[in-house]
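Protein sequence lines, in the order shown, are assigned to chains A and B. Counting from 37, one number per residue, gives the positions in the first sequence under our numbering. Counting from 209, one number per residue, gives the positions in the second sequence under our numbering.
What the hints contain is simulated information worked out from the structure, not anything from laboratory work. Hints should not be assumed to be uniformly reliable.
Stated by the list, open to error - Residues of chain B clear of chain A, computed beta-carbon distances all greater than 12 Å: (1) K245; (2) Q324; (3) L327; (4) T343; (5) R521.
As the list claims (entries may be wrong) - Examples of chain A residues toward chain B, derived with CB under 10 Å: (6) I72; (7) R191; (8) S194; (9) E208; (10) E209.
Backbone N, C-alpha and C fix where the C-beta goes; we use that ideal spot for every residue, glycine too.
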Amino acid sequence: MEATQELLFKIADDALIMGHTDSTWTGLGPTLEEDIAFSSMSQDKIGHAWNLYQMLHDKFGLADADTLGFKREEKEYKCSHLTEVPTQDYAYALVRQFFFDHGQFMRFSALKNSSIEWLADFSRKVTSEIKYHTLHGDTWLKKLGAQGNEESKARMQSAINEVFPLALGYFEEGPREAELIEKNIFIGEKALQEAWLEKVGDLVAQYGLTLPEGNTVDPSLGGRNGYHTEHLQPLLAEMTEVTASDPEATW
Amino acid sequence: MYGGGYIPEEEKRKQQHMEEDPAKLAEFEARIDNGEKIEPHDWMPAEYRKQLIRMIEQHAHSEIIGSLPEGTWITRAPSFKRKMALIAKVQDEIGHGQLLYNAAETLGKSREQMMQDLLTGKSKYSNVFNYPAKTWADVAVIGFLIDAAAIVNQVANSKGSYGPYSRALERICYEESFHLKQGHDAFVALATGTESQRAMLQDAVNRWYRPIIHFFGPSDKDSVHTGKLMRWKVKMMTNDAMRNQFLSSYVPKVWELGLSFPDPKLHKDDNGEWHFSDPNWDEFYQVIKGNGPCNAERLAVRSWVETQHKWIREALFNPNAKYTLPLS
Ligand SMILES: [Fe+2]
Ligand SMILES: [Fe+2]
Chain A
37 MEATQELLFK
47 IADDALIMGH
57 TDSTWTGLGP
67 TLEEDIAFSS
77 MSQDKIGHAW
87 NLYQMLHDKF
97 GLADADTLGF
107 KREEKEYKCS
117 HLTEVPTQDY
127 AYALVRQFFF
137 DHGQFMRFSA
147 LKNSSIEWLA
157 DFSRKVTSEI
167 KYHTLHGDTW
177 LKKLGAQGNE
187 ESKARMQSAI
197 NEVFPLALGY
207 FEEGPREAEL
217 IEKNIFIGEK
227 ALQEAWLEKV
237 GDLVAQYGLT
247 LPEGNTVDPS
257 LGGRNGYHTE
267 HLQPLLAEMT
277 EVTASDPEAT
287 W
Chain B
209 MYGGGYIPEE
219 EKRKQQHMEE
229 DPAKLAEFEA
239 RIDNGEKIEP
249 HDWMPAEYRK
259 QLIRMIEQHA
269 HSEIIGSLPE
279 GTWITRAPSF
289 KRKMALIAKV
299 QDEIGHGQLL
309 YNAAETLGKS
319 REQMMQDLLT
329 GKSKYSNVFN
339 YPAKTWADVA
349 VIGFLIDAAA
359 IVNQVANSKG
369 SYGPYSRALE
379 RICYEESFHL
389 KQGHDAFVAL
399 ATGTESQRAM
409 LQDAVNRWYR
419 PIIHFFGPSD
429 KDSVHTGKLM
439 RWKVKMMTND
449 AMRNQFLSSY
459 VPKVWELGLS
469 FPDPKLHKDD
479 NGEWHFSDPN
489 WDEFYQVIKG
499 NGPCNAERLA
509 VRSWVETQHK
519 WIREALFNPN
529 AKYTLPLS
């Protein structure tokens with residue numbers, strides 16, 4: 037039971053915080069078309085988080101989705117560092133979206149075979165949505181990588197170098213990993229990371245860019261255990277600014 | 209969000225002097241009388257084209273700039289429901305901008321040129337977006353009352369004579385009706401909420417009252433210019449008529465919720481006409497000139513967007529072909 041909750045929380049928190057971080061681009065995208073595409077993806081992510089918190093409420097009798105999403109202590113969030121970092125650099129935002137959504141796609145693809153039926157059902161639904169997100173990332177990496185100019189290639193490459201350690205942290209194991217694997221609820225982070233590395237490594241190479249050598253990079257760890265970057269606390273403060281102003285109220 | 213109707217005085221004077229071929233003009237006006245739509249490749253008077261470009265462009269800029277004050281509240285929206293609705297709404301507004309830039313482009317002005325004119329202040333956008341959204345209640349007031357005002361304007365203009373604009377507006381109005389519904393819902397939640405929520409909402413209503421009265425522009429019912437634009441179905445209702453329609457529909461709804469407007473003179477007479485105190489049109493002109501509380505900030509954000517992403521547009525443009533391809 038607790039292992040499943042832990043799994044759902046980390047996926048939900050990732051989706052919420054990534055959606056939140058990405059939503060800051062709404063109205064500020066490089067073209068109107070891209071603005072719409074990016075904010076639509078952040079909407080999907082926040083929607084996934086909402087669904088997952090709702091499941092935690094329905095299946096385990098925890099608090100309602102708004103409380104779980106917006107009213108926990110920083111330490112209780114289990115999102116990866118990858119989702120927490122604010123950016124004003126669109127190359128960074130695109131590379132992160134590419135890494136994150138390939139991760140999400142493979143995670144939910146694996147969960148389609150979960151021994152928990154309702155989680156498998158949900159995963160089937162969301163993979164078809166996230167498939168479009170991965171295509172978005174692929175298209176942009178290609179456009180600004182292999183098909184881009186020298187400047188865009190250089191910017192994308194430096195974003196890859198910067199984001200990669202955070203992306204590896206996305207695969208940090210949680211405390212109850214072994215139980216999830218044993219009960220066939222989830223294949224586990226190690227297997228997921230292996231498949232992901234192969235996939236994004238291939239794609240990045242196709243797009244004329246390179247992935248840093250895995251063994252030369254220190255993954256940014258801690259998020260899955262409640263240890264976050266300095267960015268999460270202010271992010272949560274902003275997210276809950278309105279609700280905190282009158283805790284009794286419904287909005 | 210809004211199709212504006214503001215024309216600077218000196219421009220009005222210039223336009224009086226444009227001469228057109230009388231036969232073509234008569235044929236054009238007969239088509240309009242017939243209720244036909246004018247399409248991009250049809251003959252049209254130069255002034256018709258010019259006024260439509262000005263109007264559609266102002267409308268497009270209003271959508272894009274209008275996404276900024278609300279956009280800053282996406283990260284702070286107080287529940288999943290409100291957050292999702294707000295992102296979807298702001299995204300719609302950007303989409304409206306896109307549709308409208310496309311419609312304006314059919315008249316011969318490029319999106320790049322429109323963006324440039326926005327940044328230099330040559331092109332205008334709706335004054336309301338030069339006021340700050342200070343609290344969550346502002347988001348509710350914008351979503352309910354500003355969108356409602358925009359709908360009055362857009363529904364009227366969707367019956368106008370220029371095909372691409374009228375079709376864009378039909379689609380826009382369809383989406384706006386959801387904004388209004390969500391805005392109303394958020395507004396009612398605050399109005400029927402705790403004491404501090406109600407106080408927050410009343411404060412926002414007080415601050416938005418004057419910009420809302422300004423929204424439809426100064427009275428133009430006696431202007432010769434308006435007569436011609438209405439004759440050509442560029443403008444479908446006078447500013448006063450639109451304002452009156454808006455006040456009739458929405459003031460009672462706000463009053464019913466136990467809220468007030470900061471204007472003791474606001475009332476409807478026996479003929480159904482609304483009256484209000486002098487809303488200080490000087491302020492309106494000042495804001496148009498760029499002296500509103502947020503003009504500088506809005507344009508600074510827009511120009512940040514333009515410079516920040518320049519490298520992307522350059523890369524997409526395919527730099528190797530840049531010097532060999534003709535520019536148009
Ligand atoms: Fe709009
Ligand atoms: Fe709207």
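Structure-based check of each hint:
1. K245: 25 Å, holds
2. Q324: 15 Å, holds
3. L327: 15 Å, holds
4. T343: For T343(B), whose nearest Cβ neighbour in chain A is about 8 Å away, the distance does not exceed 12 Å, so it is violated.
5. R521: Per Cβ check, R521(B) is inside 12 Å of chain A; nearest 7 Å; violated.
6. I72: OK, holds: I72(A) within 10 Å of chain B, min 6 Å.
7. R191: Hint on R191(A): holds, closest Cβ of chain B at ~6 Å, below 10 Å.
8. S194: S194(A) check fails; min Cβ-Cβ to chain B is 12 Å, beyond 10 Å.
9. E208: 25 Å, violated
10. E209: 29 Å, violated
The earlier numbered hints that this structure contradicts are 4, 5, 8, 9, 10.
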